[in-house]
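J.: Residue numbers (our numbering), protein chains in the order written: chain A, 16 to 428; chain B, 16 to 428; chain C, 16 to 428; chain D, 16 to 428.
Worth flagging that the hints you see were computed from the coordinates, not collected in a lab. The model shown is predicted, which means the values in this text are computed figures rather than measured ones. Incorrect hints may have been included.
Any copy, or any two copies together, can satisfy a pair, since identical chains are not distinguished.
With a straight-line Cα cutoff of 20 Å, these simulated SDA-like cross-link-like pairs (lysine to any residue) come out [said to hold, decoys possible]:
1. K230 / K412
2. K230 / L294
3. K193 / E250
4. K387 / S204
Protein chains: 4
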Amino acid sequence: MDFFSDIPQVKYRYYNPKKMVLGKTMEEQLRIAVCFWHTFCWEGNDMFGLPAFQRPWLKSPQDKIKAGFEFLQKLGLKYFTFHDVDVAPAGVSLRKIAELIEKEMHRTKTELLWGTANLTGHPRYLAGASTNPDPEVFAMAVHQVKEAIDVTHQLKGHNYVLWGGREGYETILNTNIKQELDQYGRFLSMLVDYKHKIGFKGLLLIEPKPCEPMKHMYDFDCATAYAFLQKYGLEKEFKFNIETNHATLAGHTLSHEIAYSIANGVFGSIDANEGDLLLGWDTDQFPIDSAQYTHALYLILQNGGFTSGGLNLDAKVRRQSIDLQDLFSAHINGVDTLAKALIQAEELIKKNLLVSNLSSRYKGWSGKLGQKILKGEMSFETVAKYVETKGLDPEAKSGRQELLEGILHGLRD
Amino acid sequence: MDFFSDIPQVKYRYYNPKKMVLGKTMEEQLRIAVCFWHTFCWEGNDMFGLPAFQRPWLKSPQDKIKAGFEFLQKLGLKYFTFHDVDVAPAGVSLRKIAELIEKEMHRTKTELLWGTANLTGHPRYLAGASTNPDPEVFAMAVHQVKEAIDVTHQLKGHNYVLWGGREGYETILNTNIKQELDQYGRFLSMLVDYKHKIGFKGLLLIEPKPCEPMKHMYDFDCATAYAFLQKYGLEKEFKFNIETNHATLAGHTLSHEIAYSIANGVFGSIDANEGDLLLGWDTDQFPIDSAQYTHALYLILQNGGFTSGGLNLDAKVRRQSIDLQDLFSAHINGVDTLAKALIQAEELIKKNLLVSNLSSRYKGWSGKLGQKILKGEMSFETVAKYVETKGLDPEAKSGRQELLEGILHGLRD
Amino acid sequence: MDFFSDIPQVKYRYYNPKKMVLGKTMEEQLRIAVCFWHTFCWEGNDMFGLPAFQRPWLKSPQDKIKAGFEFLQKLGLKYFTFHDVDVAPAGVSLRKIAELIEKEMHRTKTELLWGTANLTGHPRYLAGASTNPDPEVFAMAVHQVKEAIDVTHQLKGHNYVLWGGREGYETILNTNIKQELDQYGRFLSMLVDYKHKIGFKGLLLIEPKPCEPMKHMYDFDCATAYAFLQKYGLEKEFKFNIETNHATLAGHTLSHEIAYSIANGVFGSIDANEGDLLLGWDTDQFPIDSAQYTHALYLILQNGGFTSGGLNLDAKVRRQSIDLQDLFSAHINGVDTLAKALIQAEELIKKNLLVSNLSSRYKGWSGKLGQKILKGEMSFETVAKYVETKGLDPEAKSGRQELLEGILHGLRD
Amino acid sequence: MDFFSDIPQVKYRYYNPKKMVLGKTMEEQLRIAVCFWHTFCWEGNDMFGLPAFQRPWLKSPQDKIKAGFEFLQKLGLKYFTFHDVDVAPAGVSLRKIAELIEKEMHRTKTELLWGTANLTGHPRYLAGASTNPDPEVFAMAVHQVKEAIDVTHQLKGHNYVLWGGREGYETILNTNIKQELDQYGRFLSMLVDYKHKIGFKGLLLIEPKPCEPMKHMYDFDCATAYAFLQKYGLEKEFKFNIETNHATLAGHTLSHEIAYSIANGVFGSIDANEGDLLLGWDTDQFPIDSAQYTHALYLILQNGGFTSGGLNLDAKVRRQSIDLQDLFSAHINGVDTLAKALIQAEELIKKNLLVSNLSSRYKGWSGKLGQKILKGEMSFETVAKYVETKGLDPEAKSGRQELLEGILHGLRD
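Excised from the complex, chain A in its bound form:
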């Protein structure tokens, strides 16, 4: 209990866990989690540079766990997330480590937002895990995921996440897409069966990403993954864990991915980070642009708020930020950006301007013509006849985009 003894208890400018926002505490509206991999495991290496951090807790798996929970307490946060290999490196028993985690959770009154398994690091997964050309590798992945979901279940994890880090291809030239998708479908179906069998009540979440490290991944974005889920009859069993930086790498905004998922009933949780849109890889920076999270939270709250999901700070400090203090600065930015966004989202909801603009824009569809069309009471021919009979020539109407942007950014009412 002394990795961060030099660092005072964190005070936030915007985040106040107990403050009520739209009927829940800020803590429960946001459900912010700290992740183990970036924050406690990464040593500051990049593709061109050696490890640059000196993390005192890396001497033993037990120290790492302790550092993690001490950090959560310093930040006053309630949730965390991890991969199997983050807490139990090769040769260490995950179940054994889980006992220590359980004790620490109890002591610190913290909860597991979600667990997951790392199916990307080990060389056996070079060509994918469940989508590997070798069924024995598929079997290894099953074995590993089974253990990870068992432990997640034991720790009362709110969700279990799958990131298909190498479920994709490096070149189509050696890839049978149909075969690999069938394998992936089978894998997920088996996982669903197992989840129900053990009585895990959390959500199963898929985390889309378009590429990196692979040239192209099967879970490119929410729409691609939703197409896949429907094809294999899994669309009721999975929801999405949307990562902001993955969304932007795929050419979408965070808002788009959330709105799309909500529209299709598959929204789950958020990996809250921020990409550098001028760079073409996953920079995983801490959230700092509150406007994009304002709109994200606005959409989520309009949809009833998070159920089992939350905002996981899947973000890392820059490689030059080698001090422990930097780890705190980064998390403070992240937490306060999300808290500020929540406050702004609350204001948007209270003012009701976006909603009322939306209903007036689409009001025609509640009218007679709109309803008859939507209910399937008109055919191509009857509609075409209607156009001619009425001599229709509807006028274009303004989309008022700039006014709405002014409202979102607090410049206009």
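We have chain A already, so just place chains B, C and D on it with the hints.
T.: Below, chains B, C and D alone, put in the same frame as chain A:
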């Protein structure tokens, strides 16, 4: 019949319509079409510049049709494509013009690869056609598409294409995605009913594009459109018209979009052009890189070749290419690039190296373990047990990417 | 004087022209200009759509001028900018129109931030203006720019801008880069001579852009243009007009381009807009992200503030924003975003945290070793010897990026 | 002599070192080099995965050197390149290892195309080497580069390369660009002095890259580096080592960077690889697209061919290509792609079509008007007067882009 009298009958280096390739003539394997919009309608304006071309046939709709068919003859090509507005500008009757087209088709023994309607140019479609917030605009779109498919049917078009040029949004702030997708679903369902009613036997094709002119389109790529089709129960009724430059704008290769569509049974046709991957808009250049079309055609031929689809040269000359001769140079490049690619694809198929590499790579899935997994005869638990009992530790195998690339590019056997 | 009679005088949330900020009025610190082209000339066409706006002032050049000045008054702004063709379309005398502009300027107490000539729209400039393969086109460009700078001078313009919209190439295959750069160098040298001859005291500004409509432009970014200026001995005669969206299309942030220009003594003015970083073309949206302008203004103010430059709102409403009210919403967003950014920049400067962090970070360079190196008093050999003698093994220090980002975004002190 | 004993001597489809091409052997026209870092040092790790290769020579530095020269012999190539740390890891004397290299060079009749120092991997260079805020780190960089150029000189290296891998910034917020550029200028000036002092006759080459691992680098592209060199009076002392994948990350084609460098007298050498333009990081793939190298070599040969530069295969196999055989497949692709490109470039030069098109396009500039302008004999006023007197209204001429593309791709004469 004299727009191109100064220009001699085109001779190709690679294209020979009568040459047999894998059991069909080159003409029927490739089914190359010339499009009306870029080739006969575009006047050389761009967002920063005024029209720069002097097209003598733009004086009358009749001249434009005549120029089109004369051009096809000079090139020795059999197929063409058009939008309603390409041939019948505002105030001109499409049905009337269709009579002239029919006559010209008869005279020149040419065929309509597909027809379509332009739902993007008129200001009424500012905020989309079928996805417009105003049901009267939806009705106008129905009216227009009905006429376009009627004429396509009358001209024995092999397919009918829908490009959702403004079916998307400029800002999520004013957009109800769920509502708009429901409208779009309704529109397509009504079109399907109508198609069956009139007995149109061609395919209905959707052409994905991620953005431009809109910020974000609903048919972002094949996967997104496939997700949509499944949701609305339309996946048996539509296939895709894949445009190369749209694929790359969405972050995919042409091969990816084809392979994905084939894997999901929704491959239809190709808009054969080429984008500049260093530029972020749809440059619609003529195909010149034969390697990407070699692999594309390889995939299509392995899947049995085109049925009703083909290769539509949806491409335009650069704005500085103001001479009629440039129009020919561009089409010659396009046709010869596709022909060269076909010849190379034939060679790949004959050598059989890609296929045999693929089967040996996945052969484990034909074995006992692979088959039991795929057939659903093993659960997460039995697989995990199998791993432990057998002490599995499968070795990684090379993906041989460079060898395969050498084969594709004719550097290796 | 009645184009905007239905619209009340604009009130801002943040902008107050008379408020003092760091020793000057907000109006003089920001020097915000409205541009004629987007705001009064664009009719809402795009590459896929016809004009969608109904601008009542487009009936005559005189009406357009009147609308422009009425608009400025409604917004309470002091500066404007224009191209020759914005105010004097083909067939209308620019000098004649300039008289009307002068009268309006006098009446409304407004000033011309800068003038420019449009060398991109007319087909004669297809292959560039001064870089055209035809010297007669070069001559036409001289003729046109001479008139434009004459009029800018007559109207007491604060600067004259050159945007090399087609000074670049579509394909290297037909381009002699050396020849074209020599032409461009000659053109600018002749302009410099002329400027001095007529006694124009404003700055000559070059506006970099990497591409669009051309594949590649010679003024790709500030560094590229600076390389060119040095080569032709022009680096004292030109400064840069940096456009935010051009900067991001070139892979840079606005801050980067400003900091680079300041570091090299070539900073001039800003075209204040905002690009959509997920789209690959120049979207020219109104500024809405205050954080990027906060840092931009911070850098400019640290450098002494604008001299003759300013913030030109080179931005357009979205195509669906067809109402006059939208034109106001957009400009209000732009003005208030810049004003908010100025207030935040003032706060940053007063707190002094960024500056003090910077000086402490580089303090070693004021020390003995640093100074000897910088002054050229040490050679490779003496430095290498120093390393060995001292047994140097310097420790890495944190870059504190997250702390600084927190400060910039108002999350930390 | 036994790392590759199972692998037969390589035979190429296109490469024949002794074949004469335009007056030199293919070997001397291409000057192809193998690099040590990717080929002999990389172990197949990526940002998400552990090392996947089993390289038998990694047991000792001596084995690595031996493997390198054995590989060169198997490939029949004459040149190689290396970083200091590639051959002498921490704790091993570079000078000592250089003796072994020298012996191997002598034995195998191979030559060093260039040497370099790795200033990116060690944590001390976190914030840059010569641009580090700490002058002691600058000193360390001097020490390291001095040793690297000493060894390069001893081994008769044809060039010495500098890649500013971390000479840039992660955030402008903590960066004094002016200060860092001054440091960089000083560093390069000191290196120039040292080079002359020791009598190293090779070229000093700078290798531009826009970003990665840093957010933004000072040597973004050739133009940026050329601006810098001019500012510090170094433009006669350095030339560029252009890497294809770096060029495309910066938004340029390889041809552009070459043509730009030639136009400004700073072309040096090529790092021949290929990027995946749909991915946003440096994929460093082996050349496979011969068309881009055809044009590159065309430009270089038109300029007289390589002097001390060459084509360095700065490329790595994909991570799934774990076998030694893959290392050969990859290099064979690279070498044959370059050889094929050379043969095609020779054909282009012999046909002379591109050159003759170019001279006819610019012929106006050899005329009276063109010459008077270029020689500075006309002012803005005299040119403007000329336009009026002559009533100039020049006609646009076709750029013939498609014809030229057809010629480049062998589709047209």
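J.: Each of the hints needs a verdict: does it hold here or not?
T.: Now for the hints, and whether the structure bears them out:
1. K230 / K412: between (42 Å within a copy, 18 Å between copies)
2. K230 / L294: both (16 Å within a copy, 7 Å between copies)
3. K193 / E250: both (19 Å within a copy, 17 Å between copies)
4. K387 / S204: between (39 Å within a copy, 14 Å between copies)
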